[in-house]
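Engineer: So you can see what is in the structure, the chains are spelled out below.
There are 2 protein chains.
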Amino acid sequence: MIVPTHRVHNFNAGPAVLPLEALERARNEWFDFAGTGMSVMEMSHRSKEFLALHAEAQRLLRELMEIPESHHILFLQGGASLQFDMVPRNLLGEGAGADYIVTGSWAEKALEEGKRHGAAREIWAARESNFDHVPQPGDALSIDPAARYVHLTSNNTIHGTQWKHFPDTGDVPLVADMSSDILSRPVDVSRFGLIYAGAQKNLGPSGLTVVIIREDVLQSCAKNLGPMLAYRNHVKNDSLYNTPPTFAIYMLRNVLQWVKDLGGLPSITARNERKAELLYEVIDAFPELYRGHARVDSRSTMNVTWTMSDEALEKRFLAAAQDRDLIGLKGHRSVGGFRASVYNAMPLMGVRALVDHMRSFAERNA
Amino acid sequence: MIVPTHRVHNFNAGPAVLPLEALERARNEWFDFAGTGMSVMEMSHRSKEFLALHAEAQRLLRELMEIPESHHILFLQGGASLQFDMVPRNLLGEGAGADYIVTGSWAEKALEEGKRHGAAREIWAARESNFDHVPQPGDALSIDPAARYVHLTSNNTIHGTQWKHFPDTGDVPLVADMSSDILSRPVDVSRFGLIYAGAQKNLGPSGLTVVIIREDVLQSCAKNLGPMLAYRNHVKNDSLYNTPPTFAIYMLRNVLQWVKDLGGLPSITARNERKAELLYEVIDAFPELYRGHARVDSRSTMNVTWTMSDEALEKRFLAAAQDRDLIGLKGHRSVGGFRASVYNAMPLMGVRALVDHMRSFAERNA
Chain A
6 MIVPTHRVHN
16 FNAGPAVLPL
26 EALERARNEW
36 FDFAGTGMSV
46 MEMSHRSKEF
56 LALHAEAQRL
66 LRELMEIPES
76 HHILFLQGGA
86 SLQFDMVPRN
96 LLGEGAGADY
106 IVTGSWAEKA
116 LEEGKRHGAA
126 REIWAARESN
136 FDHVPQPGDA
146 LSIDPAARYV
156 HLTSNNTIHG
166 TQWKHFPDTG
176 DVPLVADMSS
186 DILSRPVDVS
196 RFGLIYAGAQ
206 KNLGPSGLTV
216 VIIREDVLQS
226 CAKNLGPMLA
236 YRNHVKNDSL
246 YNTPPTFAIY
256 MLRNVLQWVK
266 DLGGLPSITA
276 RNERKAELLY
286 EVIDAFPELY
296 RGHARVDSRS
306 TMNVTWTMSD
316 EALEKRFLAA
326 AQDRDLIGLK
336 GHRSVGGFRA
346 SVYNAMPLMG
356 VRALVDHMRS
366 FAERNA
Chain B
6 MIVPTHRVHN
16 FNAGPAVLPL
26 EALERARNEW
36 FDFAGTGMSV
46 MEMSHRSKEF
56 LALHAEAQRL
66 LRELMEIPES
76 HHILFLQGGA
86 SLQFDMVPRN
96 LLGEGAGADY
106 IVTGSWAEKA
116 LEEGKRHGAA
126 REIWAARESN
136 FDHVPQPGDA
146 LSIDPAARYV
156 HLTSNNTIHG
166 TQWKHFPDTG
176 DVPLVADMSS
186 DILSRPVDVS
196 RFGLIYAGAQ
206 KNLGPSGLTV
216 VIIREDVLQS
226 CAKNLGPMLA
236 YRNHVKNDSL
246 YNTPPTFAIY
256 MLRNVLQWVK
266 DLGGLPSITA
276 RNERKAELLY
286 EVIDAFPELY
296 RGHARVDSRS
306 TMNVTWTMSD
316 EALEKRFLAA
326 AQDRDLIGLK
336 GHRSVGGFRA
346 SVYNAMPLMG
356 VRALVDHMRS
366 FAERNA
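Residue numbers (the numbering used here), protein chains in the order written: chain A, 6 to 371; chain B, 6 to 371.
Hints are all accurate, no fakes.
Any copy, or any two copies together, can satisfy a pair, since identical chains are not distinguished.
List of simulated lysine-lysine pairs, DSS-like, C-alpha gap at most 30 Å:
1) 320 to 53
2) 114 to 169
3) 228 to 120
4) 241 to 114
5) 265 to 241
6) 114 to 228
7) 241 to 335
8) 114 to 53
9) 241 to 120
10) 169 to 265
11) 335 to 53
Rather than coming from a laboratory, the hints here were simulated on the basis of the structure.
With the sequences and hints as input, model every part of the structure.
Structural biologist: Structural data, given as structure tokens:
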């Protein structure tokens, strides 16, 4: 394995760190993919080599996430933002209702697009506490049994919260934006009518969106939509209605193979839990200095958010972090402070470097 | 420069051959973009390094194509297929009309989406001769002066035809799908209200769409569209409303820099003309064997199409071509025979290898 001479600890929220092994494989195959004498970017999406790659990426994702045969896997473009539109455009229909659980800014944007297409309704929101928690088991959610779907965001990048137990929505299909925690832990996919995720956190580069849609939900989709906005059309054409983002799909394949080689979701989950634990431990060890933004029951394993009491201190913390090659830690302006994004590809070593910094900074400023 | 050990002559129609220099630069910067200690895929699209790259790609495109300040440059997703939808969605409006010049299959698809949004009308089509030509100066086009726009496809990948002189549409904005010949020759951009192009022929990898829109056309766009489908929103946010396909934009930058280093459009044009000339010469030299599909006045410099009288011969030609590492020559099923796509990045050397093959095959089968 080539070890790059200068590689920082990359805590970016997305686009984010990628597994070194996935990057390296791409670099090795750069001029000659699968013995074709060309780069994977230079070949037809209808060639047998690309079709095999496309199928391999689907198969690996199905295997790793244990996606049942009832669910189709799509590779689309436009990110979660286009899914905010496509979900209600396909599933809602005029006069019909959908229930949105609003756990942060991205959920708010999804709701807004829902309202553009039908009677989308906010049924929960923790705005008063700046989205510091998500609903817990036992919390009443007042889901309309006639709703076409219930929408939630499984992990909230900005606020650093994450669902640990998904709600029981009865016969109403559950739709989830899993952009920032897909493939980070086991999820019972059969319970979801539709899952979507921008690739740029846990799956690969930006410019690729994964959609997982259950057959009965597909059957309920609106007809007569334009081909690019219709799930029906993309399923019918196995995501090859038009030229897909071939290189991003290639990188997805490399990332999925890396997850598999590591031992699949059980290993990834254990690794992610350990990483998050180390960070929350140091936050909790210095409560006078570090204030975790997320409520303990809602703490995310993907995005760890905290603030400090003093802005001057925050500036010093960030500058000292940069000196240690700890990059991308500035929190989103709506929370302030810090955010360490520790997606699948963030190695334990990077988290340890950050924890060391947090501990020594705290001890110096006790 | 690293010369790959095995690189074929890649005549794929798209995704297609990329400049070796652009690929090599990417490989050299693979683990460390701009001294950041990470790959360009791993960094925030809001980082100063990415913003500089994004601006550089826009600036290079503006410089090379001489795009006036009246026109905005957008980097979007979804390919030309999504533009087939976005153009009428933004520009047409219910009850309004638009005129489509149908020079091939892609133009037909564009028209179909036009009809979904308003009174789109086919004003020209050469279906009876299997789209072997495009309108010529002097041909009557009966453009409705009240039309919101006139749509054309500047180069027809499947049929191998290309506009040499764009029509005068008076005050009606001209909209062009330039997916397969953008940046291949000088074009007076000021004459166009909107230009769009999927990147995967002359600009870079698939998954990126370039849109060039004139300010007055932008002002006439529909309001209250969802953000992802509204040109207004993308212009307002300088294509950064949501996470863009960062790696594809990076590759676009590398390709544009290569064009500039080569001497810009004058050099590229001369090179493309020479390449096409060589191919049409050999087709014309053996009229008993090779039949050019496109009418002489409409011949494309990007996609050269021809058939043979005999299917068995065609099979032998293709097999012998493959033996010489001449790849991607099979014609589209609606034309049959062969298609040599010779986009900007196809070196003269590759064309010479194909011409040699055509000549020796013809001589052996005279």
